[in-house]
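Could you build all of it, start to finish, from the sequences and the hints given here?
Residue numbers (the UniProt record's numbering), protein chains in the order written: chain A, 1 to 635; chain B, 1 to 340; chain C, 1 to 267; chain D, 1 to 161.
From the structure, some residues in chain A lie toward chain D, with a derived Cβ separation under 8 Å:
| hint | residue |
| --- | --- |
| 1 | Gly33 |
| 2 | Val35 |
| 3 | Ala211 |
| 4 | Glu214 |
If you want the ones that stay clear, here's a sample from chain D, every Cβ over 12 Å from chain C, calculated:
| hint | residue |
| --- | --- |
| 5 | Asn12 |
| 6 | Gly13 |
| 7 | Arg32 |
| 8 | Gly35 |
| 9 | Pro85 |
| 10 | Gln155 |
| 11 | Ala156 |
Hints listed in this document are in silico derivations from the structure and should not be mistaken for laboratory results.
Virtual Cβ for every residue (Gly too), placed ideally from N, Cα, C.
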Amino acid sequence: MSSVEFRKDLFREERDDNLQEIGKPTRRQDILGHVTGRSPYYDDHLFDGLLHMRCVRSPHHHARIRSIDTGAAERMPGVIRVILARDVPNNLNTLLSLINFGKDEEKLIQDTKVAYVGEPVAAIIAETDRQARDACAAVKVDYEVLPHVLDPEEALSPQAPVVNEVYPNNTFDYHDLYDHQKLRFGDVDKGFAEADHIVEGEYQMSPIEQAPIETCGAIAAPETNDRYVCYTSTQALFFSLGTTAKLLDMPSSRLHFIGGTVGGGFGGKVDSIVEPLSVLGAVLAGRPVKFMWDRTEEMQVGAPRGAERWRIKDGVARDGRILARAFTGFFDAGAYTRLSSYAIIKCSAHLPGPYTIPNVAANVFCVFTNRTPATAMRGFGITGVDFAIECHMDKVAEAVGLNPIELRILNAYRDGDMKPHRRLAKNTALIECCQVAAQKSGWSIGAEAARQSSLLGGGGPRAEIPETVTDMAGQIGERRRSVIPTAPGEGASARGNVPAGTQGIPIVAAAPQDEDMIMDPSRTGYRGPSSTPTRIPEAAIATDTRPQAAAPASPPPPAARPGPVAPSGSSQVLQPALQPALSPPAPQASPEPPATAPQPPAPDAASQPYKPEKPFSRGVNRPGVSRFLSGSRRR
Amino acid sequence: MTVHKGRGFACINYPIGMNLGGDPSQALVHSTPDGKFMVSLSSIDLGQGMKSVTRQIAAETLGVPVADVYVDTADSDTGPHCMGSFASRGTHRVGNAVIRAATEARKALLEAAAEELEVNAADLETDGQGNIHVKGAPTRTITVADTAIAAQFKQGRTLSGRGIFLIPPSDVDPDTGEMTPVSCFAHAALVVDLEVDDETGEVTVNEINSAYEVGRALNPRLVEQQLIGGAWMGVSHALYETTEPYYPDRNHGPEDFNAYLMPGPGEVVDHNIAVLERPAEDAPFGGKGPGEMCANPVLPAIANAVYNAVGVRCDTLPITPERVLRGLLANGGARPQGVR
Amino acid sequence: MVTITTVDTLQEAAASSGQGSSLLGGGTLLMRGVNYGDQDVSRIVRLRQPTPLAGISSEGERIRLGAFATMATIMKSGDTAFLHPVARAVGGPAIRNMATVGGNIFAPHPYGDFAVALLVLDARLRMSDGSEMDLDRLLPVRDTETRLVESVSALRPAGDDFRFLKVTRVKPRGASVLSIAAWLPRRAGRVSGARVAFGAMAPTPVRVPEVEAALEGVNLDQNGIERALQSVANNLNPPDDSLASGWYRKAVAPVHLGRLLLGQGTR
Amino acid sequence: MMAKTPVQFSLNGSSAAVFVDDAQNLLDVLRRGVGDLTPKYGCGQGTCGSCTVLIDGEPHLSCLTLAETVEGRSVETTNGLAAGPNLHALQEAFMENFAAQCGYCTPGMLMAAKALLDRTPRPSREEVIEAISGNICRCTGYDPIIDAIMAASGQATRRTG
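This is the structure we're talking about:
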């Protein structure tokens, strides 16, 4: 049983709640179709003479293909066409080439070497699904089995077999420089040295299947106008269309993709494998072709949420403040990149989680192993590391003897804090979520924790970018020559230094191209950030009334704390403890920022450093942006 | 047999939209002859409610009843480009594109009405019921339907709009990781209550109390769908799911739903949700997109609750009975960590 | 390529069986294989009218189940009340409308929980050639047996002599981590002639004579059953699969057996 | 030439006749043979329930049903749930309770629920759970589906908020 309450009392100054249609529990537009079974999923389009495609797949983790004998299969009843690698016009791709990220490395159909169990080496089109399966069983592939590697850290060793020849170091190449993505903010070694506790942990997430109830699939058919229509379960219509155009070396104008009603995706329908294969089938057979994964393929050949391994090292002050946090992360990409490389960048920007920590470093590796390639899934790039971070936070709480919720509130990021990716936090609400969850569950937290606010105590010195130690460890290929440590900073010979305050220009949304597209601000329902803290009515929070002795279990206003992050004298610091806890949100007699009533969204530049007032103007310095992005030709 | 109760906490934030930007979405809006509106997209409804939420956004922006708006997606011949439905980008990116397209269409609508009413367009307002009034003079009014007919059959004016939303791509500094990843974050915190059987290692989740901050609940029932279903998936990830039960060994990978484990309808967890709404500046009506983040806090909260119940740190997912039992044996039995 | 041969009697079906032929029962396993292109199945032999072989009848202290009787049929029959919990443990309602007693006997690991119950109920099979065979003789050789099963005769237990438990990860229905059936006749409170069988603990459902022997003459209390519990792990070598490892199955089988014997139920 | 076998059965009260291929399953015949697209393919293994149909009033998995075995029998699908323009109480309740997201499992859920309500008009929550225990939903967490089936049986759900 579930219950839902909408806490309209919180952040009410920042919203209008009088909109006409927004906020209404309107029935889904598609619900009638769902309950009558008539929502048109891709497989609900009937074609006369529909043919069925199935794949011949590798039984080996890693093997060289000596030969493929399709003779018997071609003579089997109902078989229309056997498709091999040579039939794919442009048989090399990487999914994110459409946004110029990564090198082409994966064949639609393999002909030289298989790198995971299930990799396709042939596709067969037949009159019925069963005939296609029977013909697949009759294809004889002569393999030379090669040594394989399945553990990502073993794959980093100089002795490990090369999984993917385009990345011969078994790691994705980041920025043409390193075999991993770095994040550096401050000096973690200094933070560890100042810490009272060092808390370390290792975390592992195994691969997870998206498991939509509709399996991945597509039906392609010749259209009367010399084009091909493709009904697809894709989550990304133009990704699939663009990938198909590229692999088939076909003008995108000859492709007509139709989808939009999909039986669950969860990230598993982005990879654009079934679309190019079904269109290729329709081209070669001249008839409608369906390629639908069965459940076994969906589970073992379809790319899962990849495995991740994380090591976290924290330096923690006696009072629970985390002074430094270092991550070493391994994304097990499987045999090809798909989306793992990109997830790591998203993940790196997410570190160290929703906390303000003055010294943060991370090395995150995208490692190739001989397993099914990994791809997107709900929470992509974040779910695994959030598991690690939040398990680790409990270990930190135990180490310092703090209530786990209070520990989070103590370290929580707040409006105006600088994050390690060097952009300011705004619109934060972690503290309020902690307080409400504590309240709903009846988990006591201290009165001071219950008084904290995301709107207060951030910024000031917490907005500053510290002097940052960098290193050049882990350059591409270095790890192939000798074993070097994977953790940030360890074993690094050449160290560098980025001066305090160094920051580039934040990127904001492109402005509307025409002023007619700019919505009247009074109709957006958005009133701008409030300067008055939203208040969880304190009486409603089960506050811990136990005597709080020597241990500083309750969080001081972060900026007022002594320590490397918090030089004193910030004019931003309010005195939350002085505010009447039960008073409604209202103008307070506090020095700064000026307490105001709800404002129109016209904040001053100082408190809103990167409000998108002006159209983006900085050039993109990466050459050859995708035609789907800017109209220029892809590299 | 001893069953130990445990309680665990976790909180998270979640970046909304494709990292680094560079992920545009477009929308087209046009009026039918009598003033109903069609929204054309290439976005995908995977069940998250893309068609429904963009419909409400279009209706709100146009100032017309939701019943007068329908969303058509995704046909590459008629729908403008959309990067796709992933990374919690739909509500934010597509929603913003729809706002721009519907805003332009609304401008044309009001200009057409102004011509009919012989007033300035700036003096007009919509009532959300299908009428356009002169501000402060509600009797000077025209229906949206009459306006559309006049515009398209008398004035020679289309009531249509185009919209694109793009956050241009951000570079990443190779040495520091500096970048502009996304523009807004959703938040969540939750408490899990569960029981652990110390002879079998079996974990039973009894209750979740949660707070999810979603910017704005554009449709509260769609938000509820995501949060309840997402928390279920979180429990499933935490305790059940993997395609490789003996990772990194690849043996015994499940090939059907008997072997790929997920909680059944007999394991529905009582889930009490509070929804917080702190609107984000550049999000459509402040809404951030709750679809992905809702599962994330459940995984660590369960691990933390198992530790609280029996003193076994479960740092490897999924937290199978075997992993709990091995931990119990290694510890010489359950070590409850105290009532929370 | 799969062909269908429709026959009128089980004897005809047995006569037309051979390499690549399979008799269609409920179809829950056979049709799955057919859908997935199982190259070992090239012919489906189908009874035109299976109803005569789907009956349930009482034979004194025993009950006879036709090989084509479905789990749903068993759940509807008052004669088989003691088997209702066992039948209910097999799949969801749709599967139970299809899955047959005969099919369950041949179901590979981890399926076949109904056969686990039959094992302790002294199940005797009537084969298509008219001969009789004990179930525990068939199970080890079931993959090579060419005769077909026509019906099963099982003891009808008294009181709470018969107990069954299936441990699943997924609730309310899931595949077996393990299942246990026990038949525990007692004389003056002491067990006499116990039978205990396990599912998903070996390649086929199995009885464990050492456990049965250890229960002889004991009271069903913690002390009485201790030796039986200890002998579980020594006499079973369960497989790893995606549901659980052999190690885990071995570790918890005594726990669940203890709960079953003590009437504590399962979680 | 592949052998074709004629099969005649009742589909949602109307007579249906179709030639089926050897070993073709009922799901495929319903969808491609007679054009009833409401049962869905989710696994072909009998493990997801999205192809659930009623045969002679009882739920069956059409992907595991050899098509020719329905000769002379009655088959019901979601296509036959509504009476003309009037939706079945289950369909109304699924709409009202937001009991579908992607909608792909919905037809199977509806048929499993109909089999229950036809026999047990006022089921307990446990009976509802049992009735859908062979049907997998990846989106909803089941709670809204259980609520909807309870609501369709005229029993108030305990949903709050």
